[in-house]
Amino acid sequence: MTTHVVIPPAPPQSVASGKHAADRPAPIRGGAGGRRRLTPTGAMVVWAALAVGFLAAWLVLFAVVLSGVQEARSQKLAYDHLREQLAAATAPLGGAIAPGTPVAVLDAPSIGLSTVVVEGTSALAMQDGPGHRRDTVLPGQAGVSVVYGRSVMFGAPFARASQLAPGATITVTTGQGEFRYVVDGVRRPGDPVPAPPGAGTGRLVLVTSAGEGWRGTLAPTTTVFVDATLTGATQATPAGRPVTVPEGERPMGRDTASLLALMLWLQLVVVASIALVWTWYRWGRWQTWLVGLPILLAVLWGAAENAVALLPNLV
Amino acid sequence: MKGPSRTVTGLALVASALLLGAWTVPGASASVGSAGVVTPQAAPASPAFSKTLTVARTHLVDGKDVTVDQRTVTLKVSVTTDLRDRQGIDVTWSGAHPTGGILADPHSGAAAQQEYPMVLLQCRGVDSTSVAASKRISPETCWTGTPVERYTSSYSPAFPAWRVDRYATAAERTHNPGTPNPRPAQCFSEPPAERWLPFVGADGKVYPGGPLGCAGIPAEASKLDSTTALPSNTTYAVTGLDGTGFARFDVRDAINNGSLGCSATVPCTLVAIPIMGIACDVTASGLPAADVPTGTDATDASTECMKTGHFKPGALIPAAVGDNDHAVSGELWWSASNWRNRISVPITMATSLNVCSTTATGSSADIYGSEVLIQATSSWIPKFCLDTAAVPVKHIQTGEPQARNLLGSSSIEAAFTSQARDGGYAKPTVHAPVAVTGFAVTYTIDDEHGDRYDKLKLTPRLLAKLLTQSYPAIPVIQQDYQALSSNPLDISLDPEFIALNPGIKTGVSAGISASTIYSISSDSDVVYALTSYINADPEARAWLDGTPDPWGMTVNPNYLKIPLPTNSWPLLDSFEPKALYDSGTNPCLTDAPVPYLPLVASPSSRLSTISLAMQYSLANSQVVCVQPFPGTTVGEKLNPLGRQSGGFRFMLGLSSLGDAARFGLDSAALQTTVTASSGAKFTDATGRTFVAPTGSSLRKAADLLTTKTSPVDWQLPYDTIVSDPTGAGAYPGTMVVYADVPTTGLAARDARGYAAFLAYVARAGQLAGQGLGKLPGGFLPMTKANGLGALADYTSRAAVAVSDQSGTVPPLVAPAVVPPTPIPTPTPSPATGSSGTTTPVSTASSTAPTPSASPTASPSSTSPSTIAVAAKTPAIDAGIAGVALPGLLGVVALGLLLAGITLLTSRESA
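First to last, the sequence lines map onto chains L and Y. Under my numbering, the first residue of the first sequence is numbered 1, with each subsequent residue one higher. Under my numbering, the first residue of the second sequence is numbered 316, with each subsequent residue one higher.
Next up, chain L with everything else stripped away, as it sits in the complex (with noise of 0.2 Å):
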């Protein structure tokens, strides 16, 4: 690679084509005209630059566009799944749930939200939907319920959570029934904490994150709260809860647990783009497109996934 050659096959700057790779030091186009080379290091500097600046739109683009495909499907998966399980009535009531397990549906109509909640709210869990904090009653229960659902990735559930007036209507299904809570009110950071439920009454807690002005789409950068209190008589609470959840499932937690997947991934990345560029030289350009555009998808995709489990649990 000392040679002054170094082109490597980034599609966006290829404006010429030709049959062999001798045509190529590649034909840019310069701002006072005319034909112009790189120099060597200038080269290595565009390309690093658009490669970084590639894998961080491309991060950008998961998190906001293809998290939420990947989201759907694991919906799909886990409504189809509970839906079994409430129909055989096996659905889990309480005790130690798995983490990942679907446990309730939440519906509310009034902003066109329907998600499946899965039990526990890693960043990683969430990823599915949104989480049940997992020493918290489950919905329907005498207790606090708490609930997490992301507001920008992931298909963002709780984007729109905050809109949620009082007295609107959240309906939660478990395998104990179908639960209907009236909207308390939105509590933001500053505001007073409601007092206990009293015996036999339940609360549902949503919780996402949210962000002030231009930022706030893609940055939220706190909490917010929505109470709903229990319309109806409560269920029974089976014992077993874990009584605490680490770090990592609190408001905002991050899942450090993908970090050696994320370095695995990443490691894949840096291997398929090796092997690409190797293709490209020996085998042809087209052939490598065929086949390794999906490979190479399918490393950033892995690695995308688990390095935006590294962001907040909330986002």
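No wet-lab data here; the hints were simulated from the structure. From the three backbone atoms N, C-alpha and C, an ideal C-beta is built for every residue, glycine too. Heads up, some of the hints might be wrong.
Stated by the list, open to error - Computed footprint of chain Y on chain L, listed as stretches where at least three residues anywhere in the stretch have a Cβ under 8 Å from a Cβ of chain Y:
#1 96-105
#2 235-245
#3 304-314
Stated by the list, open to error - Here are some of the chain L residues that sit facing chain Y, going by a computed Cβ distance under 7 Å:
#4 Pro40
#5 Met44
#6 Gly53
#7 Ala56
#8 Leu61
#9 Val65
#10 Gly68
#11 Gln70
#12 Ala72
#13 Thr223
#14 Gly248
Position chain Y against the provided structure of chain L, taking the given hints into account.
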């Protein structure tokens, strides 16, 4: 969100428990702090009941009153309210006619034959003419254990004393009052005169009784006196030559005796009848001709009725039974002449623990362990199950080490224990003191006159001798077992025992029982406390290590140098007396020889069993061979010795102070410090301090408790007690009982239950008294006045930690906190109803006068979590990760920018 809400709930519950407690104190704060009545010896100065009655025996002769005997009897009863099953209450009297023809067992039916006894009976109903007849006492509602006490017959004379009773009604003077009609065929042939006194059960069922109970007796009665069953509480007590007497009457509740049926809702009466003899009226004017004795009948009747006693006062009844004068015997306690002389003592039973099984709903908060706590918990716990808002609490008795192990493996949620667990628990767990009580070495011993001995003194060395099976118990062992051949046969022959306890016959007939102490076989902190005490005593330790005592008695070699303290006492002796086994006198042991001395020891796995045995002197040594088919081995079995005869009793046992106080067991004074020369023989207690369990001796032990901060624990310094002058007055059997409850991992409801229980026990549960929820006898209240304020405060804080379930164990010293302002929660959302301070508590607290909560709202119940009550929604910042996505966009822009700039600036011409 989560944390504060839990804290508020917890505090509310703790507060409710405190309120609940406050309700139990109707201005009884005077009793706080003073040491409770710990032992029966420390009987209250003023009896609960006292009555003086003049009784007379006045015959009606030729229409004129002839008074032959008149006495003024004063009867006192120690306690009459909130009685619990089998509780021993002291009855003393003076002025009664001295008893003659005395029988050993005053509870047996045969004891009714005594002349001039004081008859004590438990009767259902009240002695008042202002209540309905069905709720009034009568002889029909008075309990007796055998039918012979309710039936009498006579062939000759045809007019026995009861037929010429001047106070009897005409119907009672017929030849067969009370006889069922038709007379049951199975009841032998009809004698010329018979009297049936049926028993009317609590359910209204009538048990006619009859000879040998042929016509039906209550399930709790037995046809004949039994030596294995619990004796009846009916007492034919002996009045001494000076007219005074004493009896410990044990009341029975409806669970123990359903036919009698005394309970918190069914009032009962203790009836004391000083037998004076029948007031006779042979003339019987106005009665039908058949009921008027004539001729020789009249002479016989007059002679028979006017008899004044066959035996001299104080004389024992000889073997030939039947010589007694019926007219003055206890057999006719129901006759009108005797019944009218009764002294009725109204008694009320406490609410029984049994109410919990019927009223409790939902799962209970179960606490395993400590048997020494049972009397306190059976008073505290009904308080929780009678309160519908509270979580019911259950105390499941096990040995403390077992409870600790179960808690360590998370098989149970809470344990009562008296030691901190070795190595602590995996989960954060509070070790909160709930009671100060202890073990008692109880005894049932009759002195050389056959009277109750009540001042027993024991040294740790004597306890070690009993535990190590160093007394040979039977002569065969003494002869053949080389190691024990020079030891006294039993403790009554031990010079050390004789020196300390003069007045007890040396060489008692109950020798087997006198060579052991009825102890506990399972792992127990009681054994640990007892062996700690023995181990600390230099004399006892030296003796265990092989030094003979001053009289030459040596330790059983199987126990030589036994390491102490220990949780469970091993049965190590292995000697089988061949001569005895080969002789065939005990076929069970001939057929299946086993070591003998462990059979003598025969410990029990439960302290309550020992207490029962001590109350009724049921010797447990399993040395009696019972063959269902004599001469064959089929079904043969070693049985316990069984009940000891009155006047010849000798038993020692290991009990709890709570049991000793409730059942009226005598507790030995234990040696503390010794100033006498330790190697020398002694002939009296000089130079040795003996301390009986009393309020003040427990109080002194409490002063000595050493505090450990990590883990928090209070320990009794046995070395100080046995060697330091400051420990001289401290009772060495003192034990602190703790509740070990994890502060993480409990279900919310259970955590609430345990927290409420701890909060209650820390305050209101420490008020001494007889009532429901109070601290019964045998326990030293954990109060500031008793120097135990720190223990109660710690338990209050532990209650908050248990309620919070946040995994923290409160430190010994409360952190300095903002004074507890009972902050009412702002309650922004009316929809959610209750708040931390208005949680619906119970019907109990709603009746409580509001100011009563103040004494319990002490600063000690505060914790830092109080402050979090009026919480605000926290601002949880996502931190730098929150701006990751815009940051990434920035990176994209930067990359493009960099690439662009480079493209523009760095180029070489073609």
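To see whether the hints hold, each was checked on the structure:
no.: 1; hint: 96-105; result: violated (count 0)
no.: 2; hint: 235-245; result: holds (count 6)
no.: 3; hint: 304-314; result: holds (count 4)
no.: 4; hint: Pro40; result: violated, 9 Å
no.: 5; hint: Met44; result: violated, 9 Å
no.: 6; hint: Gly53; result: holds, 2 Å
no.: 7; hint: Ala56; result: holds, 4 Å
no.: 8; hint: Leu61; result: violated, 10 Å
no.: 9; hint: Val65; result: violated, 12 Å
no.: 10; hint: Gly68; result: violated, 14 Å
no.: 11; hint: Gln70; result: violated, 16 Å
no.: 12; hint: Ala72; result: violated, 20 Å
no.: 13; hint: Thr223; result: holds, 4 Å
no.: 14; hint: Gly248; result: violated, 12 Å
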